[in-house]
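*Asks:* Given the structure of chain A, go ahead and fit chains B and C onto it with the hints provided.
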Amino acid sequence: MEEIKKYEPFEVDQHITAQSRYYAGRMGSRFYIALRDQQKILGAKCPRCNKVLWPPRSTCGVCFSELTETVEIGPLGTVETFTVVTYNEPVQPRKAPFIYAVIKLDGADTGMAHFLDEVDFDEVHIGLRVRPVYARERNGNILDIQYFKPL
Amino acid sequence: MVQKEQEWISIPMTVDVPFRFAAGQYLSKFMIEMRDNSKIYAVKCPQCGRVQLPPRIVCAECHVKNDEWVELSHEGTLVAFTIMYLPLTDPTTGKPHEPPFVYGSIRLDGSTSVLDHFVNVEPDMDKIWVGMRCRLVLRPQENRIGDLSDILYFDTLPGQVRPK
Amino acid sequence: MKRNVAIIGGGQTYHAARRHDVDQAEMVNEAVRRALDDAGTTIDEIDAILLGNMEFFEGVHMTDCWLVHGTGVYGKPGLKITTGGTVGATTVCAGAHHVASGLFDKVLCIGFEKQEEGDTGAILSGVAHPLWGRSLAGAALGYFAMMGSSYMANWGATEEHSAMVAVKARQNARKNPYAHLKLDITIEDALNSRMLSYPIRMLDMCPASNGACAVVLADEKTAKKRCKKPVWIRAMETAHNEQFELDWRFVDTKRLIFSKACAGRLYKKLGVTKPAEYFDVFEVYEPATWAELVWYEDLGLCGPGEGFRLIEKGMTNIDGPIPVNPSGGVLSTNCIGASAMLRIWEAALQIRGDAGGHQVPKDVRRAMTTAYGGTNWTVMTALSKTLND
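Protein chains in written order, with our numbering: chain A, 1 to 151; chain B, 1001 to 1164; chain C, 2001 to 2389.
Mixed in with the good hints, there may be bad ones.
EDC-like cross-link-like pairs, simulated, lysine to aspartate or glutamate; straight-line CA separation at most 16 Å [unchecked claim]:
#, chain 1, residue 1, chain 2, residue 2
1, A, K6, B, E1033
2, C, K2260, B, E1033
3, A, K6, B, D1036
4, C, K2076, C, E2045
5, C, K2175, C, E2045
Hint data in this document are derived by calculation from the structure and do not stem from the laboratory.
One chain only, chain A, in its complex shape (with noise of 0.2 Å):
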């Protein structure tokens, strides 16, 4: 290169700051009323699959029925997977450690991502029977149920 001074390289720090609003729609706005209105967890039931989907939602995403029929599932569930978070990262809404757990609800056919607490680390297992604790003050949205624990 002919270029006798040498320029070093350049890098700015900048940020992207957005605001935004989630509608829940139809199925999401029964859900969530319901959960902060009279404690009770709702699934949208799939007549054609005969399957009962959490989050419930308009379409079953399988067969593309049209899903109308909401049923009351849990509160009591079984702990179908897990994991013992142990570092903390600014997205986090707790600090570490903490459990995060895959609950299926009693009547549910699919899972419910939460947290696990009044547990101890090591005796966290598959299989464990839990039950959600309410939020005292709810919202309408998912943490209103604050976390479940085992029975």
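*Replies:* Below, chains B and C without anything else, positioned relative to chain A:
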């Protein structure tokens, strides 16, 4: 459809995405020369002769490497403009630009490309027109940071009369 | 094209500033079910599904994964396409390529945007170069304002001309039950609406809409067997602009900018010499009034500097000789990911004679559509009633 007073659930979210952007060889030279030496550099395509701003390694039209650097004048001509009445947010600072303000597209003498920037003129249709001559005003050297905001704005050259 | 491709059905949601009653999947599903019904087919018969939507405009990423139950792509080949305002047309373009190549016989293309949920302005600023243009990004508004000032300075048009476009769009929208801004406005109203960025006023700009559109594409054999009124995709062309070169906004530019380059190639392919006569209707992508006038010129419907004469004489009215945007266009409905697909679907409805209240009052055999997006590029689509047109 149920037309009863129905509540629709929603949830607000804020996402802040930090990132680091590398200007690359060509734009680094442009930014550093502007910041340190008050010089505006463009590159010229060896094939079509287009003098391109900001400088970039390849001429997109000819697919050849741009390797001739050309120093541009600080003066140019206003090609188009707008008077902005909305307080547009500056995404790099998160603060709004105070409206109304004028910004336009200026073709610096010797350049094929244009440069969009603020024009330091009253937001008055009688005082601004397409074809006006302008000169760029840089931030005082000690405060320059090496991005396009080192150009504060364009001044219009004095003594111009609106045509027609 | 290797195999002929037809639009065998389509559908859209109604478009509005608020759709609190549905989540994204439910909204998309409305359009999908309408398209499948219109095509007389079911999801099981669809070979592949392409989803067009702008990344993060809804505050969520990877809508192709999120919305599987709404789009029906479960277990099928699928792609997500994200190309700015062109998205909807790019999605149809990709679908047409897939069918034309022989890879698939039936492809469902979907475009949607739920603009109320996200921060379009903030995310769009990411289109601008971090060092070169972001701190003074005037968004689409600033760009089209400069186009307007250039247009007036060079061609001698006035704000009245842009107002005529604003009125035509909203009056046409009143005939279209799906349109967002169905406004009974006059030129006076447009000229008195709030100035946003000179010379662009409130009524010179498109709204932010929520909505979805879907079309079903099929190969010739399937289309002829299954569909009474297939609409044929005769040519699709795309052309990009150079990121930093902003002269597409200047009507006096001497360069062969993306729009002219693209139209030139498409016309050459079809042997079109007089586009205003060749095509019976146009659906162009006009986020601002001035953009429509520039499209007239870039598409060769008139000479350079004559676009505003067309609107002045009412040539592009719904009942004029060169109808442009009888649907109300983007000025009346802008659900970004769907907008460019709506141009194609609306043009297809015109050819089928199914546009209802906004059907142009003449025999429509050929239609032309455009799109606009990203750092200025376009997708153009020419449609016809038969393969002989």
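*Asks:* Look at each hint and say if it fits the structure.
*Replies:* Cross-check of the supplied hints:
A threshold of 16 Å between alpha carbons decides the hint, and for K6(A) with E1033(B) the separation of about 11 Å falls inside it, so the pair holds. Annotation: proposed proximity of K2260(C) to E1033(B) is violated, straight-line Cα distance about 37 Å (limit 16 Å). At most 16 Å may separate the alpha-carbon atoms for a hinted pair to count; K6(A) and D1036(B) meet this at roughly 13 Å. At roughly 11 Å between alpha-carbon atoms, K2076(C) and E2045(C) fall within 16 Å of each other, so this suggested pair holds.
For the given pair, K2175(C) sits about 34 Å from E2045(C) by alpha-carbon distance, which is inconsistent with the 16 Å threshold.
This entry does not satisfy hints 2, 5, going by the numbered hints stated previously.
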